[in-house]
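K.L.:
Chains as they are written, first to last, in this note's numbering: chain A, 1 to 456; chain B, 1 to 385.
If you're looking for bench data, these hints aren't it; they were derived computationally from the structure.
Residues of chain B clear of chain A, computed beta-carbon distances all greater than 10 angstroms: (1) 72; (2) 129; (3) 135; (4) 163; (5) 234; (6) 235; (7) 270; (8) 282; (9) 327; (10) 333; (11) 353; (12) 363; (13) 381; (14) 385.
Quick list of in silico lysine to any residue cross-link-like pairs, SDA-like style, CA-CA up to 25 angstroms: (15) B:220 <-> A:360; (16) A:373 <-> B:264; (17) A:189 <-> B:331; (18) A:189 <-> A:243; (19) A:189 <-> A:244; (20) A:267 <-> A:244; (21) B:175 <-> A:376; (22) A:356 <-> A:114; (23) A:189 <-> B:61; (24) B:382 <-> B:326; (25) A:361 <-> B:171; (26) A:190 <-> B:63.
Virtual Cβ for every residue (Gly too), placed ideally from N, Cα, C.
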Amino acid sequence: MSIQAVIATNRFGLGAKPNEHKQAKKAPKAWLINQLNATPAVYFDDDLPTSDEIAEQLAKLRLFKKSLNKKNANGSASLVSKADQDKLKKLQKYPRNVYQSLSSDTLIQAIQSNNSLNWRLLDFFSNHFSVTAQGQIMTALAPTLEREAIAPHLLGSFEEMLLAVTKHPAMLIYLNNEKSFGPASKLGKKGKGLNENLAREILELHTLGVNGGYSQQDVTELAKGITGWSVANFTKEKSIAFTYIGKGHEPNTRKILGTMFKNDGIKQGENMLKFLAHHPATAEHICFKLARHFIADEPPKSLVEKMVKRWKLSKGKIKDVVIEMINADESWSETSLKFKSPREFVVSTFRGVGQKSLKPKQVLNALTVLGQKPFNAGSPAGYSDYQQDWNGASAIMSRIELSAQYAARRKPNAEKVLMNTLSDSVSELTYNSVIRAESRQQAFTLLLMSPEFQRR
Amino acid sequence: MKRRHFIKTIGASLVLFQGTALASKAKALKGSQANTKKIVWVVLRGGLDSLHTIVPTFEADLVKLRPSLYKSVKDKLLPLDNGFAFNPALKHLHTWYKNKELIPVVAVGSGYKRRSHFDGQDFLESGLTKINEDSGWLARALKHKNKKALAVSRSTPVSLRGSDNTSTWYPSSLKDADDDVYAALGKLYAEDALLSSRLKEGLNIQDMAGSAVSEKRKGKFIDLTKACAQLLKNNNTIDCAMLELGGWDTHNNQDVRLKKQLTELDNGLESLKEGLGETWKDTIVIVATEFGRTAKENGTGGTDHGTASNMFIAGGSVKGGKVLGDWPGLSESQLFEQRDLMPTSNSFSWIASVLGEQWGLSADQLNDVFPAEFIKRKPTIKIVV
Numbered sequence: 001m002s003i004q005a006v007i008a009t010n011r012f013g014l015g016a017k018p019n020e021h022k023q024a025k026k027a028p029k030a031w032l033i034n035q036l037n038a039t040p041a042v043y044f045d046d047d048l049p050t051s052d053e054i055a056e057q058l059a060k061l062r063l064f065k066k067s068l069n070k071k072n073a074n075g076s077a078s079l080v081s082k083a084d085q086d087k088l089k090k091l092q093k094y095p096r097n098v099y100q101s102l103s104s105d106t107l108i109q110a111i112q113s114n115n116s117l118n119w120r121l122l123d124f125f126s127n128h129f130s131v132t133a134q135g136q137i138m139t140a141l142a143p144t145l146e147r148e149a150i151a152p153h154l155l156g157s158f159e160e161m162l163l164a165v166t167k168h169p170a171m172l173i174y175l176n177n178e179k180s181f182g183p184a185s186k187l188g189k190k191g192k193g194l195n196e197n198l199a200r201e202i203l204e205l206h207t208l209g210v211n212g213g214y215s216q217q218d219v220t221e222l223a224k225g226i227t228g229w230s231v232a233n234f235t236k237e238k239s240i241a242f243t244y245i246g247k248g249h250e251p252n253t254r255k256i257l258g259t260m261f262k263n264d265g266i267k268q269g270e271n272m273l274k275f276l277a278h279h280p281a282t283a284e285h286i287c288f289k290l291a292r293h294f295i296a297d298e299p300p301k302s303l304v305e306k307m308v309k310r311w312k313l314s315k316g317k318i319k320d321v322v323i324e325m326i327n328a329d330e331s332w333s334e335t336s337l338k339f340k341s342p343r344e345f346v347v348s349t350f351r352g353v354g355q356k357s358l359k360p361k362q363v364l365n366a367l368t369v370l371g372q373k374p375f376n377a378g379s380p381a382g383y384s385d386y387q388q389d390w391n392g393a394s395a396i397m398s399r400i401e402l403s404a405q406y407a408a409r410r411k412p413n414a415e416k417v418l419m420n421t422l423s424d425s426v427s428e429l430t431y432n433s434v435i436r437a438e439s440r441q442q443a444f445t446l447l448l449m450s451p452e453f454q455r456r
Numbered sequence: 001m002k003r004r005h006f007i008k009t010i011g012a013s014l015v016l017f018q019g020t021a022l023a024s025k026a027k028a029l030k031g032s033q034a035n036t037k038k039i040v041w042v043v044l045r046g047g048l049d050s051l052h053t054i055v056p057t058f059e060a061d062l063v064k065l066r067p068s069l070y071k072s073v074k075d076k077l078l079p080l081d082n083g084f085a086f087n088p089a090l091k092h093l094h095t096w097y098k099n100k101e102l103i104p105v106v107a108v109g110s111g112y113k114r115r116s117h118f119d120g121q122d123f124l125e126s127g128l129t130k131i132n133e134d135s136g137w138l139a140r141a142l143k144h145k146n147k148k149a150l151a152v153s154r155s156t157p158v159s160l161r162g163s164d165n166t167s168t169w170y171p172s173s174l175k176d177a178d179d180d181v182y183a184a185l186g187k188l189y190a191e192d193a194l195l196s197s198r199l200k201e202g203l204n205i206q207d208m209a210g211s212a213v214s215e216k217r218k219g220k221f222i223d224l225t226k227a228c229a230q231l232l233k234n235n236n237t238i239d240c241a242m243l244e245l246g247g248w249d250t251h252n253n254q255d256v257r258l259k260k261q262l263t264e265l266d267n268g269l270e271s272l273k274e275g276l277g278e279t280w281k282d283t284i285v286i287v288a289t290e291f292g293r294t295a296k297e298n299g300t301g302g303t304d305h306g307t308a309s310n311m312f313i314a315g316g317s318v319k320g321g322k323v324l325g326d327w328p329g330l331s332e333s334q335l336f337e338q339r340d341l342m343p344t345s346n347s348f349s350w351i352a353s354v355l356g357e358q359w360g361l362s363a364d365q366l367n368d369v370f371p372a373e374f375i376k377r378k379p380t381i382k383i384v385v
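Using the sequences provided together with the hints, build the complete structure.
P.N.:
Right, dumping it as C-alpha cells:
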C-alpha cells in the first residue's frame, strides 16, 4: 500500500529517507511499531557535554569574571589585560556554542535516524516540557533537558518522565523553583519565600491541563510541596544536579484536589507528582495532545478515547499509548489534516534528500528564519501545535524563500526525491509541475513547496 | 515577469489589498479623513506587573507588600497625577503623558480570572465570555466597517481570526525568490485554496513592504514598530495593525527584567510614533496584557500571576494627561482573593470606546463585537479630542 507508506513515513515519522518508503510499504504499521522496539529509543552524540560538565564551564566563567571585578575594584588593573580579555571572551562564548552543538545534534540525529517516529516523540515531549534558552545559564542548559530527563523515559512510564523532568536543573531553574522555599521553613524564617511558577505550570501544562479542575489553592499547595527542590551550587560543587534542601521545605500536611499528602520531606512532592501523573485528567490531556500532534488539530474523539483507555490500563506507559494510536483506523485518514511545522518541514527536507553532512548552523538557521528556533518558544507552553499558527502568509513566504535558496545551492534531483518521499500519492498537477519545471532548481523548490510536501 | 504585473495576473480574486487599482484609488483618497483613522493593537504577553509600571506611591501598604521591588524604583519615579508615577524606564511615554497624548488606565481586567497565561491571552484576544480561538474581537470590529488589518506576525493571532480582511507580515532575513518561482507556485496552487490565497497575500504585502521597509531586520520590537509605522503610513488601505511583545512573566529578578522590558516597549512605541509622522494624529494605540500580578512580591524578587493590570491608550488626538480607572486600594480586603489587584473596569469597555470614537462603530455594532457584560459600564470620559 503506497499511500499507507506515505502516511507512515510522513504523519508518524519525520518524512522518508531514500529507500524508507519501500521498506514501509511492505507493512506500514509493523514498520512503525518496530521502531518503538529500538533500545535506546533515541541516541545522541555522547561526546557532547552533560549538564554537570556544562556547569563546570559556567562556574569557570563566573569565577573568572569575579576575579576580574575584584582586580578592578582593587585598582590594581584599571584596564583588563589583553590575555584576560581573550580568556573572558572565550568563556563567554561557551553557552551559545554548547547550545548550538546540543540542539543541532538532536536535529542531525533525527535527520539521519531509521527510527524517526521516536524522534518525533522526543520533539513532542520536549515541547510538552518546554524550556527556553534565555540568559547564560538557560542557554547552555535548556538543550540538556530532553537528553537527560526525557529521552531515557521516552517509551517508558509518564510518571518517571514527569519526576525526572521536574527534578532536572533546566526545569527547576527555568521555572524558578530552585530558590522557592517554604515561608514557615527554617529558610523561610530567614526571609526566603515561595515562588509558585513551576507548580502552576506542572498543573496547567505538564499534567492535568488548564481545564483539569484545579484551583489557586491547589497551585499554592503543590508549590509548598516542592519547596526545597533545588540544584547544587555549581560554582562550588562542580555540579548543578538536583538537590533537596530540607531546611527550605515547608512543613505540614498538604491537600491537592482533595487528596492529603503528609509531610515526608522530599517524598511529599514526589507523591504529589505521582498522584498527578496518574490522574484521569492527565491521561486525557496528554492523549489529546498526542493525537492533535500526530493526527489532526481536532482529532477524532473515538481515537482519543482509545488512547486514554490504553493509558489507564498501562498506567501511563507511553509506548503502549503510541501503539494504540498507530493501530487505530482513525489515524490513517487518506486526507492530510496537518500542515507541517517548520521543524517537520526542515527535517523532512534533509531526510528526503538524504543529505549526509550537515553543518549545525545550517539546520539551526533554517529553523530560526522559519520561527521555530529550538528552545526558543519563550513560554513554558512551548510552540503551538495548531496548523494555523504555521501557515500564515508571512510564514509561507519565508518557506518559499528558504526552499529557493536551498534548491539553488544544492540542485537536488527533484523527481528522485519526489518518488522517495511522496511516491505516486501526489496530484497530477504537482507531478507535472515538478517534472516540467524550467530548471532543476525550480523543480526542487516546487516539490518542497507543493501542497503534498507541506502537509502530512 | 515583473512582480506587480504578476500579482495582477494571478490576483483575479485577491483576498486583500487588491493590486494596483485599489492602491491608486486609495492614493486619490489621501487627505480625506474618511478612511485614514488607524488603530494599533499591542498585546504584552506574559502578564505585565502594573504595580511596578504605574506605581501608586500614595499607598501606605506598598512598602510592606513589596519591600525590595518598591525600593528599587522609589527614588527615580516619573510623576503622574494623583500620586501615581511611572517606572523610570518609561521615559518617552512620560513625555507623551505630559503632552496629553497618553492615557494610562489602572486596575483593568478582561474579565478573565484564572491566571493561566495562555487562556488569559486567548480571552483577551477573542473578547468573548467563552474563549473562541477562531474569532477575535478586532476581526469582528473590522467587519462592521469594512476595515483592513495587518498583523506583524508570522501567522494570524487570535485577535484577528475570523476576518478575510487580515494579513500577516514579518521581517525575513532571506532573499526573495525569483519572480518565476512565485509564478510557477501560483499555478501549482490552483487546486489548493489555502496556499493560493496565502501566496497572493504574501506577494501583496511583500510588494508593499518592499518599498516601505528598507532593510531586512531580525524582528526586535523596535524593528517591528518601525516597519509597522512605514506600512501604515504608506498604505491607506491598512486601517489597523497588531504587534506583540513577550517576556513579561517576571517571577524572579523583576526589577532588572521589567526595566529591560519597559525600555524596549517605550523605545518601540516612540519609534512607532516617529515613523508615523503626520499619521500619528489619526492613530490610536491600545496596549494591554492578559493579567496583572500578585500585589505582594514573592520569595524570589518577583511576582506571581494575578488579575487586574493596566492599559495604555495613546495617540496624537487622544485626550491624555490623566490617569483613568477607579483605584481599588491594596489592603487585604480590597484585593481580589486577598492577593491580586482588583479589576474595577473591563478592558473591553475602554476598547469599545476607542472603536466607537475612532471608527464610528454604533452601540449595536459594539454589542455585536463584545458581550454586553463586558461593555455595559462605559467609561464616562471621551477618549478622542
